[in-house]
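Asks: Next come the chains, spelled out residue by residue.
Number of protein chains: 2
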Amino acid sequence: MTKRVYNFSAGPAVLPVEVLEEARENLLSLGDTGVGIMEHSHRGKAFVAVYEEAVSLCRELAAIPDNYHVLFLQGGASSQFFMLPMNFLPKESTADYLVTGSWAKKAVAEAQRFGNVHVAGSSQDRNFCYIPSDCSYSDDAVYTHYTSNNTIFGTQFATVPDVACETLVCDMSSDIFSRPIDVSKYGVIYAGAQKNLGPSGVTLVIIRDDLVQQGPTDIPTMLQYRTHADNDSMFNTPPTFGIYIMGLIFKWIKARGGLAAVGEQNRDKAGKLYEYLDHSRLFNGTADLESRSQMNVTFVTGDADLDAQFISQSEAAGFSGLKGHRSVGGMRASLYNAFPTDGVDALIEFMKRFEAEQG
Amino acid sequence: MTKRVYNFSAGPAVLPVEVLEEARENLLSLGDTGVGIMEHSHRGKAFVAVYEEAVSLCRELAAIPDNYHVLFLQGGASSQFFMLPMNFLPKESTADYLVTGSWAKKAVAEAQRFGNVHVAGSSQDRNFCYIPSDCSYSDDAVYTHYTSNNTIFGTQFATVPDVACETLVCDMSSDIFSRPIDVSKYGVIYAGAQKNLGPSGVTLVIIRDDLVQQGPTDIPTMLQYRTHADNDSMFNTPPTFGIYIMGLIFKWIKARGGLAAVGEQNRDKAGKLYEYLDHSRLFNGTADLESRSQMNVTFVTGDADLDAQFISQSEAAGFSGLKGHRSVGGMRASLYNAFPTDGVDALIEFMKRFEAEQG
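Taken in sequence, the protein lines are chains Z and X.
Just so we're aligned, residue 1 is where the first sequence starts under the UniProt record's numbering, counting upward by one.
Just so we're aligned, residue 1 is where the second sequence starts under the UniProt record's numbering, counting upward by one.
Any given hint could be a false lead.
Below 27 Å or equal to it, Euclidean Cα-Cα: the simulated DSSO-like pairs (lysine-lysine) are [stated by the list, open to error]:
hint, chain 1, residue 1, chain 2, residue 2
1, X, LYS105, X, LYS45
2, Z, LYS352, Z, LYS272
3, X, LYS185, X, LYS3
4, X, LYS45, Z, LYS3
5, Z, LYS272, Z, LYS254
6, X, LYS91, X, LYS106
7, X, LYS45, X, LYS251
8, Z, LYS3, Z, LYS91
9, X, LYS91, Z, LYS45
10, Z, LYS272, Z, LYS185
11, X, LYS3, Z, LYS45
12, X, LYS45, Z, LYS106
13, Z, LYS352, Z, LYS91
14, Z, LYS91, X, LYS91
15, X, LYS3, X, LYS352
Beyond 12 Å from chain Z on every Cβ pair, some chain X residues (computed) [unchecked claim]:
hint, residue
16, PHE47
17, ASP210
18, PRO220
19, THR341
Note that these hints are calculated values from the structure, not bench results.
Don't be surprised by glycine CBs; every beta carbon is placed ideally from N, CA and C.
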């Protein structure tokens, strides 16, 4: 068996070994069914049980109120970028968007195809290295949209933004279930699974029932939230394997103590690395202190050649995926739920050695 | 290890054991990368190689001409039902649809939201038990759409319908790569993977370049085929695991001799079962002889109680998924590429015994 390396990929990302081992056991036969997990009909008893357990654990972990639906969709967060305004932003109406990174910008671009977008806050002036605090919300926004964590720029909302609008919509793709969530504050929460929840190809959508009801009926059936809410995400064949893995992840989070406990573990993991960065004379974090992400720690040496040298040596030493996104440069350590603490310790030791070698 | 049962599920369906075993080996580490197949970044070298091999094998197996794109999308065939007319059926224009089952009807319903639909042929008058031959095509159809195999009703087009329109569009979800395809006859071929190609959650789309170019640019970015064609299906994170499995299936099909060889094996498998049905005094096939599907063999005893008894006994005997769809009743044996010949032999033996017991 090949030794697993420390995988800092921003997504698809590291999954818990326990989850992968359980999936491996069920690939040729789910339990004693004699049929592999990918081969079960989505309408059959065995998969329906998998689906129901995933929904139930999701509800339990985030204490999701009864007036919210839990949906498993496809197409990633990028499909929610247009599905949300297609459903909830009629022509002539306005939605507020907080622009804190590339994904928020893409969400804005899709919304502008449908109605008016008011940028209520932005951090583009300093290449998205902070979370804006002085935001100017519209009086009549039909919803306010924000991205809770910015994978590329290493920033994260520390708390839920305080908006007047009743329908807060959040793209939580890169920090969902990494800390407690107060679902009742939101109209819609959505997240591609491939960072904290599972493999790519399944999108978790948590949506308030009144929104589901109010959506239009003259758009394609697959693009109406009611279609999926009314059919338990099985209007057509859902991504069954992705839902299965997501359920295993939920079980794994529960076994680790739930969202509060996992949140503390994540704060500790990122905290160690930030503490080292703050004491290092070689490496510097790129995000403003109070805007730092617990999920994606971005840092540079200030010298692009030295960054490249560090990345190359880190790969040789068994650290995978530390290269930063081209729009920030430098390095990025993604420390999602499944990333192990000893990997953070090992990285810090490696960085210390590298720093020492620079004299 | 639990013994695998004969899985006649209509989809998600049986996958080749060799494919499942290879996936199992790579779940915790893809080759010697130390990172599991689901955990690799879609932009990384390892996954890009997986993607490129899948595309290349797909092109090789179906001899896909250079002016066609091979895309891996999400949302199933149900999403193609609306994406096609949204792209290619402007208001006031007309598309021809052949209505041979439930899925074709759903495709029609979505197309009607965009432009005019002319039903050029239908077999609804006899509950879709045949493929219509006398079709009346429009002079000015922008495309003609049909469903090559009807999972629920057990019917299949034996040959490509001879239409005047230059843009033939086919939903091949339930028989793609089960026999040779002449791609050059089509404008678009699409198929949910979960029958012959892999797990649910990935949709194969083979589309002619002129169509990609002619699509509108004022619809959501994710719903433009050019977005996916221009970005090698990686505009956003694709369903990486599904693409990986699809690549393994392509390799498996190639090792079995390619589409012509697999087509013969499928004809033999279904042929055995049909031959028995034609000689049985208890069981009867539900589809007209010349319209019979090589993929889904539908049959009844003519007595609903006896059907229920047969299904119940078949399950106890280790045959899974033989219950027919509620709109046809009776039984359905889905015999996709990965379904083994010995499973067909075992089913026939079991049916013979059941028939004998009825005296």
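Asks: Is LYS45 of chain X within 27 Å of LYS3 of chain Z, Cα to Cα?
Replies: holds (19 Å)
Asks: Would the non-interface assignment of ASP210 of chain X survive a Cβ cutoff of 12 Å against chain Z?
Replies: Its Cβ never comes within 12 Å of chain Z, the nearest being 24 Å, so this holds.
Asks: Given the hint that LYS352 of chain Z pairs with LYS91 of chain Z, test it: the Cα-Cα distance must not exceed 27 Å.
Replies: Status violated; Cα separation ~55 Å.
Asks: Closest CB-CB distance from THR341 of chain X to chain Z, is it above 12 Å?
Replies: holds (18 Å)
Asks: Assess, step by step, whether the Cα of LYS185 of chain X is no farther than 27 Å from the Cα of LYS3 of chain X, and give holds or violated.
Replies: violated (43 Å)
Asks: For the pair supplied as a hint, LYS3 of chain X and LYS45 of chain Z, confirm whether the alpha-carbon distance does not exceed 27 Å.
Replies: Holds, because 19 Å separates the two Cα atoms, which is no more than 27 Å.
Asks: LYS352 of chain Z and LYS272 of chain Z: Cα distance at most 27 Å?
Replies: holds (13 Å)
Asks: Is the Cβ of PHE47 of chain X more than 12 Å away from each Cβ in chain Z?
Replies: Per Cβ check, PHE47 of chain X is inside 12 Å of chain Z; nearest 8 Å; violated.
Asks: For the pair we were handed, LYS91 of chain X and LYS106 of chain X, check the Cα-Cα distance against 27 Å.
Replies: holds (19 Å)
Asks: Hint check: LYS91 of chain Z vs LYS91 of chain X, CA-CA at most 27 Å. Holds or violated?
Replies: Roughly 20 Å separates the two Cα atoms, so the pair holds.
Asks: Tell me if the straight-line CA distance from LYS272 of chain Z to LYS185 of chain Z falls inside 27 Å.
Replies: Violated: LYS272 of chain Z and LYS185 of chain Z sit about 31 Å apart, past 27 Å.
Asks: Check whether the Cα positions of LYS105 of chain X and LYS45 of chain X lie no farther apart than 27 Å.
Replies: violated (42 Å)
Violated hints, listed in ascending order, are 1, 3, 8, 9, 10, 13, 16 and 18; each of the other numbered hints is respected by the structure.
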